[in-house]
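S.K.: Residue numbers (the working numbering), protein chains in the order written: chain C, 1 to 752; chain Z, 1001 to 1084; chain Y, 2001 to 2162.
Source of the hints: derived by calculation from the structure; they are not laboratory data.
Backbone N, C-alpha and C fix where the C-beta goes; we use that ideal spot for every residue, glycine too.
Errors might be hidden in some of the hints.
Okay, the calculated bits of chain Y under chain C, using three or more residues with CB under 8 angstroms as the criterion [to be verified]:
(1) 2044-2058
(2) 2095-2104
Label-pair ranges, simulated between beta-carbon atoms [as the list claims (entries may be wrong)]:
(3) Y:2121 x C:679: 31 to 39 angstroms
(4) C:590 x Y:2009: 52 to 60 angstroms
(5) Z:1023 x C:142: 41 to 49 angstroms
(6) C:469 x Y:2120: 41 to 49 angstroms
(7) Z:1007 x C:409: 16 to 24 angstroms
(8) Z:1009 x C:701: 19 to 27 angstroms
Facing chain Z, a subset of chain C residues (Cβ under 7 angstroms, in silico) [as the list claims (entries may be wrong)]:
(9) 339
(10) 342
(11) 417
(12) 454
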Amino acid sequence: MNAPEKIETFRHIGTRPVRPDGVDKVTGKALYGTDFKAPGMLWGAILRSPHPHARILSIDTRAAEKLAGVKAVATGKDLPTLESLVMHVGEGASDIVDISHNCLAFDKVLYEGHPVAAVAAITPELAREAAALISVEYEVLPHVLGLEEALADDAPLIREPAKGGTGETPSNVAMDVTMGRGEVEAALSGAAVVVEGRYTMEPVHQGYIEPHACVASWNGDGQAQIWCSSQGHFMVRSLTASVLAIPQSDIRVTPLEIGGGFGGKTTVYLEPVAMILSRKSGRPVRLGMSREDVFRATGPAPGAIIDVRLGADADGTLVAAEVTFKYHSGAFAANDAGAGVSSAIGHYRIANTRVSGIEVLCNRPAAKAYRAPGAPQVNFAVESAMDELAIRLGMDPLELRMKNAARPGDLQTSGLPWGEIGWMQCLEAAKAHPHWSAPLGPNQGRGIAGGYWGNYGGPSTVNLSVAEDGTFTVATGSPDIGGSRASMAIMAAEVLEVPYEQVRCVVADTSSIGLSFVTGGSRTTFATGMATVEAAREVKRLLCERAARTWQVPAQHVEWRDGHAVCTSGERQGSKMSAAQVAGSSLHSGGPVTATSALSAQGWLPGFGFHICDVEVDQETGHVSIVRYTAVQDVGRAIHADYVEGQIQGGVAQGIGWALNETYIYNKDGKLENPGFLDYRMPVASDMPMIDTVMVEVPNPVHPYGVKGVGEVPIVPPLAAVANAVRAATGKRMRSLPMSPDKVHAALHGEG
Amino acid sequence: MSASPLRIVIMPPFDKEFFGAERLSLDAGNLFELIEKLDAQGPGFAKIARARVHLAVDGVLETDWTRPLADVREVIVLPRVGGG
Amino acid sequence: MNRIHVNSTINGDVTEFLCDPGASLLDVLRDTLHLTGSKEGCGSGDCGACTVELDGEMVCSCLVLAAEAEGRTVATIEGVAEGSVLHPVQQKFLEHAALQCGFCTPGFIVAAKSLLDRNPNPTETEVRYWLAGNLCRCTGYDKIVRAVMDAAAELRQERTAA
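Work out the full structure, taking the sequences as your base and the hints as a guide.
M.R.: Okay, here's the thing in structure tokens:
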């Protein structure tokens, strides 16, 4: 459908080889964050606050310290003070003081589950027993959970004064972002049709199956090692060093396999605390979370209140959009509002726009990135409103979207023009897909929604080395969460024109490779892939150069063809040396052949997706079943097609869970009532149909193989796609998530 | 140095937070120098720039701040958006 | 504290261990016997990452007391392959890219093998309901279900050939 000007044929790109780390993972050999043990290791335990908001008056650790087998106790007072931390601000927008106070509360606890103290002992049972012996005296403070309640004049202040607040009086507003252009009010009053609505949801959790865990060993000479799983071991190094005010190079972080992250493992919770306990005890210390800890104290995605107004001419041309939203920031300042603003309405050409969002501090765990952070919430509101607009206009909802779809060169909400985006191609592919015209059964309805995510590039380092037998090792600094070792090997093998199995890929520790940002922002295949290609090209050049010197011919007479250095002119024309031959004699031609690429990747492009969802609604119970689902996405170009499809399918499943079941439920005392998988109901296999994926390929011209980010986009459209399908099946517009059976039942039978 | 001063477009929240203006006109050889000059007009801006700011040069995001700005017309200062 | 002496057969090997009366089978497998292939995702029997077979029955090892393994046989993910030869379920998980992070994978493989030992020709619906006690957050289950169906087909073919 999007015929490229020149057809490129690839040896490996787009194929589906077995991942190099696969056998370890299907046999149980792979070591995850929770699996690592160090010799002589102590077991840690954390005491957490039972109150959502309280001042810590005193902490008495004496009883715990006296217990035989207890080797160290730590509280917030053991972390360096604020003044010393300001000197060592870490990477990223999180304030290092907030990160420190989130690891161990300093003077106040800000949510139920906030860590207050920690112990290390010779057994896990003893550590838990000792933690329970720590006596904390609290002055309980009034708490606030709701967005509007937290914005009320008499609301308890989470911080005094709120940082970055726009008002002059202290408030719980932690961030306020507004973008837009034109005259929104005038355009809305002149519009033929205006739809408006308020959309709401509570926070949801990333739901990775592996709880957080780490082992830290900090020696008296200041040097330390940390073994943990995370989305970025360089992030663990810089944040831990900043919280502890120590040099980064004194910490070596060894990445263990990661059991899912989805944005939630882009910060530290345990590592600085384990470090303190290790320093005090002189032993390696393991800290881990229970599932309840994960729910109560790690970053959920924010819940939201979103107000939308959309105006269109009678022919369906959008003339104005206003989106105003509030997100839960939780106990500390979070970042989702920025992405929420830039992800709300940029997929349409609209002359008059105003998008404005705030982060609201409240007594909940600090919100953390969750797959396209900030985008699914606003997209739910905007794409539901688009559905309503189509109904009011009497227009086909897909045609309405095609009529208004942004194209390359159109302006984003930020005012920057869109680059080579494939949004229109996705809409065309969806229209042509058999799902779009398939018949529906009784009590069924079809919904559609489209959305996008900006993606990212940034710093990555790759080292590609050649062994004496001509085989290759790619070492990256990017944790492999969903098959990235395989994609790196594919790209390197493509450049080197050798079999896939001749290239192996590993994730190196922070002392063995240069800085690389987190595996997040859908950046790894793009940015680390770019570094891999660059390093492979340099290795290829070096191998050709060695061959040229061996043959005593000018370097320009040697080319790399089909995995061999080939002499292309002169007396030696036709001479060939394989990688093994060049590498085998490399010690006599200038030394080992290796290349490092360290870059900050630019030119990333957003990904667009368009989803078609069929639901069946049980009129008696209000239960919604997903009966068919198709996700179309512009992926740039798929490097490993299976893992691209897998990212899309996984994102859809999370989006369906968000739409239908998942939600944080707090009681009036500010305590989480569903901190377990039984009550926090994520989709299981029997809830899901197969998820049909359509990979549209509009290559990114900046990336050597056309890569755009893939992983985050697919969680954006499902919320509205499901809601629009429920509307089509029942005639009821569901504006509050999740669309759980009780809510759907109430909507159907007028109890709501 | 560019022939005419650069047009600097300051997006929210930085317009209100640091500069009290949405547009500025400045000379700078590269983006590092631009940030220094912006810091002089909005004290504290340089300190938050690395963590919170993206710069777009003639409509395209630029993360290499050593990039020369000769022949550049416009730089947009916009909030950096986090990924997951 | 009084520790309990337990004899059991784990992946075919006669195994002795001492455990606290309150220790779960999962704790002993992971922390005492260093069989860390079985994972703890919840500790409450809701995620299935710790799935093992106890006397041939599929159980969440986090819900079994280690002392209950006395005189019984335990089969974990570490015993699914025969030496270096993968079981068809393992092989099909690789070929279908039915894992992303891989943390839930051992539990899924033990559960899927347990299904195919009982039902060599399951429908898609039967596969989905059998595996409904195993949570996967990465894949959306599509490729997992396909891998299990394909493994079933291969096992049927092997049996016919044999």
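S.K.: Each hint needs a verdict: does it hold in this structure or not?
M.R.: Evaluation of the provided hints:
{"no.": "1", "hint": "2044-2058", "in the structure": "holds (count 4)"}
{"no.": "2", "hint": "2095-2104", "in the structure": "holds (count 9)"}
{"no.": "3", "hint": "Y:2121 x C:679: 31 to 39 angstroms", "in the structure": "35 angstroms, holds"}
{"no.": "4", "hint": "C:590 x Y:2009: 52 to 60 angstroms", "in the structure": "58 angstroms, holds"}
{"no.": "5", "hint": "Z:1023 x C:142: 41 to 49 angstroms", "in the structure": "44 angstroms, holds"}
{"no.": "6", "hint": "C:469 x Y:2120: 41 to 49 angstroms", "in the structure": "44 angstroms, holds"}
{"no.": "7", "hint": "Z:1007 x C:409: 16 to 24 angstroms", "in the structure": "20 angstroms, holds"}
{"no.": "8", "hint": "Z:1009 x C:701: 19 to 27 angstroms", "in the structure": "25 angstroms, holds"}
{"no.": "9", "hint": "339", "in the structure": "4 angstroms, holds"}
{"no.": "10", "hint": "342", "in the structure": "6 angstroms, holds"}
{"no.": "11", "hint": "417", "in the structure": "5 angstroms, holds"}
{"no.": "12", "hint": "454", "in the structure": "6 angstroms, holds"}
Hint check: no violations occur; every hint is consistent with the structure.
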